[in-house]
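S.K.: What follows is each chain in one-letter form.
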Amino acid sequence: MLKYALYRLLLVIPTLLAIAVIVFLLLRVIPGDPVAIKLTSESGEVTEEMIQAERERLGLADPLHVQFANYMVGLAQGDLGISLYTERPVLQEIGVRIGLTIELALLATFLSVLIGAPLGTLAALFRGTIFDYIIRVITISGLAIPGFWLGMLIIMFLLATVGHLPPLGTTSFLDDPWLAFNQLIWPALSVAFRYAAVIARMLRSSILEVLSEDYIRTARAKGLKERMVIIKHGMRNALLPTVTVVGLEFAFLIGGLVVTEQVFNINGIGKMFVEAVVFNDLTMLQGLVLLVATSFVLVNLIVDLLYAALDPRIRYQA
Amino acid sequence: MTLEADAPLSTTAAPATAPKSRKRSQILRFVREQPLGTVGFLIILVMFISAVFAPYVAPYSPEEVDFMASPALGAGQPDAQHWLGADAFGRDILSRLIYGARTALSIGFLSAFFGCSIGAIIGTISAFAGGRVDMMIQRMIDVMLSFPIIILAIIVIAIMPKNVVFGVDVNVIVAIAIPFIPKTARVIRSAALTIVTLPYIDAARVAGYGPARIVGLHILPNVVAPYLILVTAYIGQAILLEASLSFLGLGVVEPTPSWGLMLSGVNSDYYMTAPWVIIFPGLAVSLAVFAFNLLGDSLRDWFDPKLKI
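For the record, the sequence lines run as chains Z and A. According to my numbering, the residues represented by the first sequence are 1 to 318, in order. According to my numbering, the residues represented by the second sequence are 1 to 309, in order.
In case anyone wonders, no lab produced these hints; they're calculated from the structure. Each residue gets a CB set at the ideal place from its N, CA and C atoms; glycine is no exception. Treat the hints with caution; some may be incorrect.
A partial selection of chain A residues facing chain Z, derived with a Cβ cut-off under 8 Å [to be verified]:
# : residue
1 : Val-253
2 : Glu-254
3 : Leu-263
4 : Leu-294
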């Protein structure tokens, strides 16, 4: 297990490096001059000298390789640079807002498992019956309904029934769990529906695959009760691929809540993304992209290790 | 994997009319065995026809403003004049939905087509080349896959200059197409890997054909089934992505009718007074994506049940 963990850990390093390089290069090819845009939006009348001075101040006038060296050295020290727009350290800005996004992502992941797992299991166990069909239609529509529209419908529903919206704010679960829950449950639900559908479909097909294995026949032939066969021999094995899906889903949600945060007006990472694009905030965008990719790679690593711990076959293969 | 399995049947059928009737019976069999897919196809057909004939089908022009019909004045309810009501500018929602279908379907089809085609070519090359090239391509794909598709699309929007050709917003299409490349490349690569080892590829090599010819003429035609399934499924995803981007204000811009755009801006202020402004555009997106997903699912069950998409 240790050998596998080390091997997997080593694989992460080149991936992260590649991401850092690609992100740097990509954002340097942006056609609009972020500095010119920034100055114009601030003061209207802008001279070429002002732009040049500002570029030098922000270190954007250096040759590309110098910028790259500064960027990589900064990264190694955990420095993501200064936001072009707010003039505050990117890391600090992200730090203020990431907590909310992580809480929302966790809650959404939890809800999607809560909804998706029973649906997928039912669909598999009642394969080909009317249950299976109904669940199939539910899951396909889960994939079809835009999360932001579902969010809007939820808001409409809340206004029509309770008469007011959930409190908006940045209360953390650590401070006031009940208020935080009230704040996040609706946006979480609007995202979770889609992922519940993904989980249900995944689980259905993996249960069906496992139930056709030889060892299930053996377990039945042994005279085990059907319930035991399904729970102990079937579900345990079928859950493995679903673990991956759930982990990746969480990782994707860190950056993928863009639209939901917009609808519910949540000040998280997703809203920051849109703001960074709208304000042409190069360093902020760079920091955010790195954050999203890194969190994905790390969660992926954890999922793989977890998977290897659950399934001995994997660590022997590697 | 492919359609090859039942190809010999057609060679034994002697009469000239046989292929036609065989085709018809295949369609009938699809309808019977894949009822959900057929429903999806019919929904798509209706949308396609109304998009193409929008000027004849739509009761109003999508850009015709009539402030007297705006919900801001307490008007605009769905009635005999405006079947699905009117939006904040008093524009007919049904007409905007019909014209919006043009935007959704054209952007959806073009981006899924380009994304999947480039992905299929990369995947095939990766499988055929093997070794170091394969390794490099796969690591690149790993990097791309570590971004949620909406983030990938937003990055492209941020990078590319505004670009409109023939009234079509190229940026939006590229932004939506790029996230499909790595996914398609993965799926097509694994399909192509099983083909690369087949004797006829060796035969082609022995015959002295170049790599471009082998990839283009011998491998690509045999991954057409997974390719078509992916394109179908991804048109739905592309429509969803277009709606999301336009909703965020990063996609199609006013006054082009777009379903996502109809849900953003001032229109989202009418939660209580004019719910129709919000309900119908979302319903249109859902229905379109639903239809493409149903069809994609059924095509997979039909051609290639083991394909993971």
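S.K.: With 8 Å as the cut and Cβ atoms as the points, is Glu-254 of chain A at the interface with chain Z?
M.R.: Check failed: Cβ of Glu-254 of chain A comes no nearer than 16 Å to chain Z, outside 8 Å.
S.K.: Should the hint that Val-253 of chain A touches chain Z count as held when the rule is a Cβ pair under 8 Å?
M.R.: violated, 13 Å
S.K.: Let's test the interface hint: is any C-beta of chain Z closer than 8 Å to that of Leu-294 of chain A?
M.R.: holds, 6 Å
S.K.: Does Leu-263 of chain A pass the interface check with chain Z, least Cβ-Cβ distance below 8 Å?
M.R.: holds, 6 Å
In terms of the numbered hints stated before, the structure departs from hints 1 and 2, listed from lowest to highest.
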